[in-house]
Amino acid sequence: MIESNAVSSPAGAPAVEVRGLSHAFDAPGGGLAVLSAVDLAIAPGEFVSLVGPSGCGKTTLLRAVAGLLAPSTGGVEVLGGTPRQAQRAHAYGLVAQDPGLLPWRSVHDNVRLGLELTGRQADVPALLGRVGLGGFERYRPGELSGGMRQRAALARALVHGPRLLLMDEPFGALDELSREAMRVELLRLWEAERITVLFVTHAVREAVLLSDRVVVMSPRPGRIVADIPVPLARPRSEASEDTPEFLALVARVRASLHAAHGSARAASTPGDAL
Amino acid sequence: MVVVPPLVVAVVLLAAWEAWVRLREVRAYILPPPSAVFEALRDDPTRYLEALGETLVSAVGGLVVASVIAFALAVVMAHSRVLERALYPPALLVKVTPIVAVYPLLLIWFGFGVWPRIAVAALITFFPMLVNAVVGLRAIDPRALDVMRVLDASRAQIFWRLRLPSSLPYVFAALRISVPLSLIGAVVAEFLSGSAGMGQLILQANGAFDTPTLFGAIFVLAAAGIGVTALVSYVESRVLDWHAASTAG
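Which chain is which? The protein sequence lines are P and E, in order.
The first sequence begins at 14 in the working numbering and counts up one residue at a time.
The second sequence begins at 2 in the working numbering and counts up one residue at a time.
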């Protein structure tokens, strides 16, 4: 949407590279290990979903990629530099499950925050039109539905032209209808822009519909147990969900999730496996 | 209209009061009828207004001084747990020390003018503002903070765009507590110094057994308290028009 800039990465180099990342939170009676030796590479322009059970460290991994959390061990490289450098280059856009809008600002001014902090220029009303919020510029977040707030959060994440969009269960708090509408909306936006996306979710169908690759994580401490490419033709739409290929991929992701869950239980309570 | 029921109650109470005093022939220096109080007010309104002016200067002056200092300290404390732990005990000391006991010291330090009275009003309103402002400055939406941090926002940008607006509902809550406290502080200081304002007027009326004037002063103080509180509420409703909507939604 605007000129992308700053951090240079050599052609063919991954946009995101996570190497040997482990993380433990301080907890009473020793650290709580949430991530264990995660390796992950995302190519420029790729849409990658992380799926896994609650508490498997998906959000922790996303926060480490965003530079919001320093991992216990291992490294994260973003666009050929550190996450801190990517922050300075204004390379990130971030959307979380809770929109985190500023309630005293209008929708327009919430979206403009990204421009104020980066010093870049963009046509905010046009962007609001593209995320389906045309005519709502002057509304405050408290006057909008959950789905509309999340559209505003998406616009705020995109307004400065990020090279890497990080989405942490962005539709997790929405009702099913808004969720489906937002999926299709995101698909349309992304297929026009093709920026790199790391998308955290526990909705398998959502992950398959949107992604180029679905990365499956085990229960805590999270490891990557499967990396499943999604070769469905683009542009995709709701109709893609009815194809046999789609259903086969969903079944494959589900099987990986269940296998990881089963082996984690087997590892912790050996007697159950017999 | 929301003002009608309390007005009806007030009129009924005043009528009952008037009737009681007349029927029982209560002497005026014990309990004057409301009509005598209003007469005292009407006879010499400037006397009350001048005294009220002096009291409001002390009260509002103290409130402003305390709010500015408390908010500045709160900004420091909200940014550092170490400084918060270091500064909280002395702040608590200010709150728990009886101000009446400190007043002679304030006279030595600030002389006999308006400043010791401002100091009393400031000391009494300082703590609520400090505590509320620290809580408010910390009550930021962590998701909004994340969004700002990934865009490399500076501490100053986070302060002006996130922390300060987030603290305003707490600041106004503190003001609503502090406004009546500041009037108490100013009148107490005037009692102690006996040199100005509504406190002095009350002392003089009391000494002369002029109970109607005493009641007049109490009425004027109550009206002033309501007025200043209403002003704060009005400003709050204008500044925080987003707050009701965001908490309801």
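A few of these clues could be false.
Residues from chain P that face chain E, not an exhaustive set, calculated with beta carbons under 10 angstroms [unchecked claim]: (1) Gly43; (2) Pro57; (3) Gly58; (4) Leu81; (5) Ala83; (6) Gly87; (7) Val197.
Listed next, the stretches of chain E that the computed footprint assigns to chain P, with coverage defined by at least 3 CB atoms under 8 angstroms from CB atoms of chain P [claimed, not checked]: (8) 156-163; (9) 187-193.
In short, the hints are calculated from the structure, not lab data.
This one's a predicted model, so the numbers in the text were calculated from it and none came from an experiment.
Beta carbons are placed, not taken as given, at the ideal position from N, Cα and C, and that holds for glycine.
Let me make sure I understand: some of the numbered hints might not hold for this structure. Which ones are they, in numerical order? 1, 2, 3, 5, 6, 7, 9
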